[in-house]
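J.: Starting from the given sequences, assemble the full structure and let the hints guide the process.
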Amino acid sequence: MSDESNGVPATGTPEHYAIGIAFGNSYSSIAHISGEGKVEVIANEEGDRQIPSVLSYIEGEEHHGTQAKAQLVRNSKNTVASFRDYVGKDYKSIDPTPCHASAHPIESDGQIHFSIKDTESETENKVSVLEITARHLRRLKNSASDFVGKPVTAAVVAVPTDVSDEQKAALSKAAESIQLEILQFIPEPIAALLAYDSRSSNPTADKNVLVADFGGNRSDVAVIASRGGMYSILATAHDYELGGAQLDQILVDHFAKEFEKKHKSDPRKNERSLAKLRLEAEAVKKALSLSASATFSVESLADGVDFRSTINRTRYDILALKTFARFTRLVEEVIKKAGLDVLDIDEVILSGGTSHTPKIAKNIEAIFPESTQVLAPATTTTALHPSELSARGAALQASLIQEFEKSDIDQSTHEMLTVTPHLAAAIGYQVSGQSADAFTVIVPAETAVPARRTQVIGGLQGDVLVRIAEGEREIKVTQAAPKAKPETNGSKEGDDDDDDDSDIDEDDEPEEIREKVWKPKQALAEFVFRGLPKGSKVEVTVNIDAEQVVSITARPVGGKGGLRGEIKAAESAQNGSA
Amino acid sequence: WKGHSDANPNFRTLGKLSPPVMRKIEPFGAQFLAYARRKRHGRTFSEDDRI
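Keeping their order, the protein sequence lines are chains A and B. Note that the numbering used here has the first sequence beginning at 1, numbered continuously upward. Note that the numbering used here has the second sequence beginning at 1001, numbered continuously upward.
Hints in this document: simulated from the structure, not taken from any laboratory. Here the structure is a predicted model, which is why all the values come from computation and not from measurement. In this text, a Cβ means the ideal position worked out from N, Cα and C, and glycines have one as well. A hint or two may mislead.
[To be verified] In silico SDA-like cross-links for lysine to any residue, where the CA-CA straight-line distance does not exceed 25 Å:
1) A/K560 <-> B/T1013
2) B/K1016 <-> A/V441
3) B/K1016 <-> A/R453
4) B/K1016 <-> A/A523
5) A/K560 <-> B/P1009
6) A/K521 <-> B/N1010
7) A/K521 <-> B/G1015
8) B/K1039 <-> A/N202
9) A/K568 <-> B/V1021
10) A/K257 <-> A/N270
[As the list claims (entries may be wrong)] On the chain B side, residues computed to face chain A include the following (Cβ under 7 Å):
11) N1010
12) F1011
13) R1012
14) T1013
15) L1014
16) G1015
17) V1021
18) M1022
19) K1024
20) I1025
21) E1026
22) P1027
23) G1029
24) Q1031
25) F1032
T.: Right, dumping it as structure tokens:
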């Protein structure tokens, strides 16, 4: 995936210092591993950790980040924003909507350019999106270099899962032009998961994780099977018209109407007033994520009239109800795409700036069972900062691979290595004396082989037969109270588009109880222990090698007389994979 | 109940593993690096542990 062929001559210098960069359409951040081995998100000279991906020019002077973003009001034509998704793309395939309020993308020699006055002269220059990206990355690189006190030469860059190889090649090229080597591109959901796993007490636990990255202009969600600390993406879903900008718009409309009522003019009709509204709406939205009410105030909003108003969180939650529901639907969509149920998800990571919104996190928490951990500031006090996850994960990966040669990294990330057999079904055990349907998982499905798992079976006595089998997860539905119509809270059944109203009654009690049960499907092997003393434990180890040969070893804990056996690979699996 | 063979009287096989699904492992994190090292050198878990 990340093997760009434009092999940069490996520098090979020991003073290779790599950082993590999260490069977004709206915001970018930079992170590194501090001297004490902790991940640290770096603030730029302005003190921002979330640095707006905006560049602006006044009389040849370049402004970046928050300073540049402020120029969207008075100098919008010379301000470039929301350009990440244009890198490496064809002019015809892009959506210029996010750029309406800033410099517009134009086509020149089949490439995407911006026409801006970026020099002291009054003539407009056509600057390619690659050049803009290079300038943005240079500012990020310089901020990082200044902070760590040594030149940053390399980076791991977090990008969405659907970024194409052409886009990656273009990003690498832009970075190369400013002497920054991109060692690897890391998908944003994997970066977020790494950021959490790095501080987890048991990072190699088997779990299904859903990562929802709610950004400024787009939202991406992914379901990841995490097995023994290795990650496989099971499904992804994207919405390119859903993000913080949609929420800002709700506040813009709200305050514009209020202004119109008072002063009989619509500030949205004036470009500059609209730009002011947008900036303030975003600030109000952020304030509402932290406190229960916020003040909206703009000097000379329209017709020279100052405007001041307040809004509380409840009001905002009602105004944004429909938009909030779209985030939840995107989450439900990706679970469906992965062929899973909400009950199969062990952990939900909310990432991206929009994940700070308490109501969005609460809505998502509500569709999952209590056993699922939802990691967001509104749902867990120990949650990490959602805006920082991608940069943190990228920094962790950068520190892992910075001493490797680029060729080594490319070889290790080649598909020869990364495409491997994964178990189609879970492997588990049944013990005599339990009900015929009882089944306990030892190795979950979607585990990449080779794999080895050990489990201890307790409470055994006398002659015991243990059967190793493949199992299947089923969702058992039991009706609790036969009142009201079914499927109100129906997690993924019928609620496709346009039934937003069903989300209003989410506080209703669920009519049905859904639970996850395991059913043995296909027996693999059996073994017996005879005459075990009361309260014995047996430790079972299942080892699946690269050729899908399963070997099983079992021994009584603290006793003797272990046994081992082997299950040969199925013939159909023998068509040489890697 | 009858064992697999006289050599291993307490164990018998009953079936075979379902054919696996080919998927991509994301090349990130310490565990992946260990996996890549094993795979590139053709080593097993225990061989790798010893080194």
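J.: It remains to establish, for every hint, whether it holds in the given structure.
T.: Status of each hint after checking the structure:
Under the criterion of a C-alpha separation no larger than 25 Å, the hint pairing A/K560 with B/T1013 is consistent with the structure, at around 22 Å. Only pairs whose Cα atoms come within 25 Å are accepted, and B/K1016 paired with A/V441 is accepted, the gap being roughly 17 Å. For the given pair, B/K1016 sits about 18 Å from A/R453 by alpha-carbon distance, which is consistent with the 25 Å threshold. Among the hinted pairs, B/K1016 with A/A523 is consistent with the structure: their alpha-carbon atoms are about 8 Å apart, no more than 25 Å.
Of the pairs offered as hints, the one joining A/K560 and B/P1009 holds, with about 16 Å between alpha carbons and a cut-off of 25 Å not exceeded. Restraint check for A/K521 and B/N1010: the C-alpha separation of about 23 Å stays at or below 25 Å, so the hint holds. Distance check on the hinted pair: A/K521 and B/G1015 sit about 11 Å apart at the alpha-carbon level, within 25 Å; holds. This hinted pair checks out: B/K1039 and A/N202 have alpha carbons roughly 24 Å apart, not beyond 25 Å.
At most 25 Å may separate the alpha-carbon atoms for a hinted pair to count; A/K568 and B/V1021 meet this at roughly 18 Å. As the CA atoms of A/K257 and A/N270 are separated by approximately 14 Å, the hinted pair is consistent with the 25 Å bound. Interface restraint check for B/N1010: the shortest CB-CB distance to chain A comes to about 5 Å, inside 7 Å, so the restraint holds. Using the Cβ-Cβ criterion of 7 Å, the hint placing B/F1011 at the interface with chain A is satisfied: the shortest such distance is roughly 4 Å.
A hinted interface residue such as B/R1012 counts as satisfied when its beta carbon comes closer than 7 Å to some beta carbon of chain A; here the least separation is about 6 Å, so the hint holds. Taking 7 Å as the C-beta contact cut-off toward chain A, the hint placing B/T1013 at the interface holds, the least distance being around 5 Å. A cut of 7 Å between beta carbons decides the hint on B/L1014: the least distance to chain A is about 4 Å, and the hint holds. A distance limit of 7 Å between C-beta atoms decides the matter here; for B/G1015 the minimum to chain A is near 5 Å, and the interface restraint holds.
Contact between B/V1021 and chain A, as hinted, is supported at the beta carbon level, the nearest pair being about 5 Å apart and thus within 7 Å. Using the Cβ-Cβ criterion of 7 Å, the hint placing B/M1022 at the interface with chain A is satisfied: the shortest such distance is roughly 6 Å. With 7 Å as the threshold, the beta carbon of B/K1024 comes within range of chain A, its nearest partner Cβ sitting at about 5 Å, so the hint holds. Hint status for B/I1025: holds, given a least beta-carbon distance of 5 Å to chain A, under 7 Å.
For B/E1026, the interface hint holds, since its Cβ comes within 7 Å of a Cβ in chain A; the closest pair sits about 4 Å apart. Here the hint on B/P1027 is kept, as its CB sits about 4 Å from the closest CB of chain A, short of 7 Å. Taking 7 Å as the C-beta contact cut-off toward chain A, the hint placing B/G1029 at the interface holds, the least distance being around 6 Å. Because the beta carbon of B/Q1031 sits about 3 Å from the nearest beta carbon in chain A, less than 7 Å, this interface hint is met.
Given the 7 Å rule on beta carbons, the hint for B/F1032 holds: about 5 Å separates it from the nearest Cβ of chain A.
Of the numbered hints given earlier, the model fails none.
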